[in-house]
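Peer 1: Please build the complete structure, drawing on both the sequences and the hints.
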Amino acid sequence: MRLLLVEDTVELAGWLQKALTQKGFAVDWVADGVAADHVLQTEEYALVVLDVTLPRMNGLEVLARLRRREQKVPVLLLTARSALAQRVQGLNAGADDYLTKPFELDELEARLRALLRRGQGQLAQSQVIGQLERDNQGCFMLNRKPLRLTPREASVLTTLMRRPGHPVSRQHLYEQTFTLCDEASQESIELYVHRVRKKLAGSDVAIVTLRGLGYSLECQQCG
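Under the UniProt record's numbering, the residue at position 206 of the sequence shown is numbered 206, and the numbers go up by one with no gaps.
These are computed hints drawn from the structure, not numbers from a lab.
Be careful, since some hints might not be right.
Quick list of in silico lysine to any residue cross-link-like pairs, SDA-like style, CA-CA up to 25 Å [stated by the list, open to error]:
#	residue 1	residue 2
1	Lys101	Pro146
2	Lys72	Gln131
3	Lys72	Arg163
4	Lys101	Gln131
5	Lys18	Glu109
6	Lys72	Arg111
7	Lys145	Gln131
8	Lys23	Cys219
9	Lys101	Thr42
10	Lys72	Ala85
Peer 2: Below, the structure written as structure tokens:
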């Protein structure tokens with residue numbers, strides 16, 4: 001899942017970006033509120049981790065602008081331990097959760113995954129398409145056996161499962177799989193689609209290329 005981290009402390013941001021990437025997230029990082037406000041208008045994210053105290057524009061204003069645009073992406077605020085007023089103000093402004101500094105990585109990950117389960121609509125519950133199943137923890141089964149996927153392969157398949165039987169553009173797949181810092185070209189997504197195709201081979205579910213439109217996850221036996 002693609003996540004935006006907004007944190008101005010370089011050491012903390014670098015540690016979080018590396019740690020969350022190892023946990024399977026694709027993490028973009030910006031260091032100030034103006035940059036965050038801009039990127040949230042131009043990119044799509046599954047989650048936002050937003051520090052309150054930021055240069056150029058504070059996190060609460062970033063959050064307020066986000067909600068005024070009626071963007072519903074889940075937001076977890078990072079606040080100082082003593083900043084009770086900020087936490088209350090943030091929750092009232094539309095934050096979905098908050099975490100006080102310092103914090104443990106395991107708690108942050110647990111809170112992020114809880115927000116994902118709450119915010120993913122139809123994928124918050126297990127989803128079945130033919131012999132393919134994705135549970136509410138993001139684990140895949142194919143013909144009742146675990147389907148082993150890399151984080152980027154899982155991102156491709158998760159994105160396609162959101163709209164089964166409908167085209168998903170290569171651009172959208174790319175945006176959900178790679179971060180702004182990745183040097184991969186948009187054509188790189190074809191490699192991951194190819195890998196997932198191979199892992200689905202022999203089942204009743206396949207990724208179909210729709211010329212000029214992108215890709216579609218199709219079930220051959222589903223009515």
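Peer 1: Quick check: which numbered hints come out false for this structure?
Peer 2: 1, 2, 4, 8 and 9
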